[in-house]
Amino acid sequence: MYLSKIAIIAAATMASTVVADNCFAGFAYCSDNLLSQGDYASTIYQALDAAGQPTDANAQAKALFNCVNNGAIEFIRLCGGNCFNEPFGSQVSDHC
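FYI, the numbering for the sequence shown is -20 to -1, 1 to 76, going by mature numbering (1 follows the signal peptide of the UniProt record, and there is no 0).
Please keep in mind that the hints were generated in silico from the structure rather than gathered at the bench. Incorrect hints may have been included.
[Unchecked claim] Lysine to aspartate or glutamate pairs mimicking EDC-like chemistry, simulated, CA-CA at most 16 Å apart:
id	residue 1	residue 2
1	Lys42	Glu54
2	Lys42	Glu66
3	Lys42	Asp29
4	Lys42	Asp12
Given only the sequences and the hints, what does the whole structure look like? Please build it.
Following this line, the structure appears as structure tokens:
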């Protein structure tokens, strides 16, 4: 019984950690910023593909996304130059 309580508490702690790494809805994020905070590699690929954009490493490095509910992202644009990261969680959008 005691071990099951510990397992439940540990699982809840890990789940909240994963949620904390999600992007914040309403803000824009460069790929690098998303990748530094969570497992966004396949999500970035899928968002680019769904938007009809190239999915190669160069496109991924220049991509800017909007964060929507529950950490999901939507493609905004490919930056002509660099995509500039603001500090994650600063409540300031990344930009081209």
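Evaluated hints:
1. Lys42 to Glu54: Status holds; Cα separation ~14 Å.
2. Lys42 to Glu66: holds, 15 Å
3. Lys42 to Asp29: Holds - the C-alpha atoms of Asp29 and Lys42 are around 14 Å apart, at most 16 Å.
4. Lys42 to Asp12: holds, 9 Å
Taken one by one, the earlier hints all hold for this structure without exception.
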